[in-house]
Amino acid sequence: MIPTMNPESINVRVGLEIHQQLATKNKLFCDCSCEEAEKYKIFFERRLRPTQSELGVYDPAAIFESKKMRTIKYRAAAGSCCLVEADEEPPHEVNGEALETALIFSLALHSKVADEIHIMRKIVIDGSNTSGFQRTMLVANGGHLDINGKKVGVQTICLEEDAAKLILDNGMIREYGLDRLGVPLVEIALEPVTGKPQEIMQVALTLGRLLRASKRVARGLGSIRQDVNISVENGNVVEVKGVQQLDQLISVIEYEMRRQHGLILIAQKLKKEKHLVDGIGDRIEDVTSILSRSTLNIVKKSLADWDAKAVFKAIRVRGFSGIIGYEPYPDIRIGKQLSELVRFYGLGGVFHSDELPNYGITGEEVDAIKKKLELVADIDAFVIVGGPNDKVEFAVDAIIQRLKLALDGVPAETRAATFDGKTIFSRPRPGAARMYPETDIQSIPISNTTMLDSLSHRIPEPWDEMINTLAKTHGMNKKLAEQVFDSPYLKLFEDIVRSTTIQPAFIASKLTEDLINLQRQGRDMTPLNENIILDTFKRLDAGNIAKESVVLIFEKIMKKESKTVDEAIAALGITPINEQELQGTIDHILEQNMSIIRSKGIASLGMLMGRCMSVLRGRADGEKINSILKQKLEHLLSSNTELKKT
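Heads up: the sequence shown begins at 1 in the numbering used here, then just goes up one per residue.
To be clear, the hints were calculated from the coordinates, so they are not data collected in a lab.
It cannot be assumed that every hint is accurate.
Label-pair distances were calculated between CB atoms; the ranges are [said to hold, decoys possible]:
hint	residue 1	residue 2	range
1	E93	H457	22 to 28 Å
2	E513	G610	55 to 61 Å
3	T156	P445	38 to 44 Å
4	K563	E465	40 to 46 Å
5	F506	G610	21 to 27 Å
6	D420	E36	22 to 28 Å
Here a beta-carbon is modelled for each residue, glycine too, at the ideal position from N, C-alpha and C.
Kindly generate the complete structure, drawing on both the sequences and the hints.
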């Protein structure tokens, strides 16, 4: 029987790492612009490999990435990239504006600033850095964040360069845009805290508000990312990277609580039955010939695509019968963890004995595999993985190691957050061997008596004071002011207010409530850039579209059915209607619905408004339509003797 997880009964610890882009004009180690490139005109490719640390040790995460054997292609554009991003020129001096911002954040968080800042190289060979490492520097440590009278400790504050922007990943080739590589990024790591997911979200929200209150950070999608270190009682720490939104953070924590606790329950079951690691992977057999007659599409496709290089191997797992497919919670099982693992070698997944015969693999084929592996019936299990021979060799080793870790419960690993709030395996946790000194840049001495004293007056004012000022300045209620401040669009909101005569509250509601509703409907925010949003509001201000058109245009572009505001307007057919056409359309709708008016009188207004909006939505202001309709209906009822009687 599958247990029901009670979140209150699971002790979870969560450590947050906030990565926030800074609003500097130039990158961290060169004078290139931080603006996103419109077109790429420079192309080159690399193959990256792991290197030893100063102590002669290879980082496990780097070794894992190297086994994927990917080719990395880069795209660049003049103005946003130079030889520094291409790793063809040494880095320049550290951006003074970015360092100043990191120091201001350190002071705001009561942290101890380092006497001397040293630039370090952090090995990263997934292709996101052309050099094979990311440059980072420890600015301060210690300190605390105040949250409703409680203090959350700060571990470290670092200044580092952002990674390149992933454009494509097809398993064998990765493509990156270099316009984001080198953008200054501040990383703030907090001490682990315990509590409900909503309470932990409040920690992230408070820190994010502190950063935004400085008005020295970038705004917009992707400008702030949370890495989350999560562990449950008796489990190792799992790092989840790439959480971009706060509601996603809650879902990720809840999913990891369930996944990690489920893995601990599986480990307890294995230990109770006294399984030993010696029986995991003690026999590996080539079963390509057995599966060559299979009707399973993935098998046929693999054999056809890889031809003579294709191989399917079966791994014997002593005593694991019923364990690989066992689900202590729905969708939490060892088999799924193995499938996630091999996909990072460019392979489609695994099959195991707990789920076979199935998927086109027959009982006869399963029996043949069991016989070849000499399995003990109802006791032993097997796992099958297929693909190019060189990748399968790596995958087999990884599967065996992962199955051995199942006896310990939760392996220490790095996972990626998915759009739906779950997580997927990314790589092993990196170790200390990934960090070593940067030799191309001198260290930076910090004078506590001069530099820091001059920055102390730039610490941002408290968040609640900024909200009150924002609400008062723009005539909004406090809730709407909070929403626009917490959104990625505060600067855009202020730009629209300055350049139009539209009511600020209307602008704020469209940029927050309406866009959030569209996202909840599964709409993609990516195509809706700030230029399109600004253009839409300027059309409204000029009287070219109605208020109701704003969200319709946003949705059309988010659905990728139009690329520009002009295309969206044409596709929606929402060209403005003149006064004569508007009056005539409303008169026509009244004439068509006289029978309803006779029976319901003034109570028919709501129904009539709905029919008017179905015809006029986006072509005229809804408030104006309602005013004209109500006036005409009241006149019709008062002047018509027959209708008066009804």
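Hint check:
At about 25 Å, the CB distance of E93 to H457 agrees with the hint of 22 to 28 Å. For the hinted restraint 55 to 61 Å between E513 and G610, the CB-CB distance of approximately 22 Å leaves it violated. Evaluation of the 38 to 44 Å hint for T156 and P445 yields a failure: the beta carbon distance comes to about 19 Å. Checked against the hint of 40 to 46 Å, the C-beta distance between K563 and E465 comes to roughly 41 Å, which is consistent with it.
Judged by the Cβ atoms, the range 21 to 27 Å given for F506 and G610 holds: they are separated by roughly 22 Å. About 26 Å separates the C-beta atoms of D420 and E36, a value consistent with the hinted range of 22 to 28 Å.
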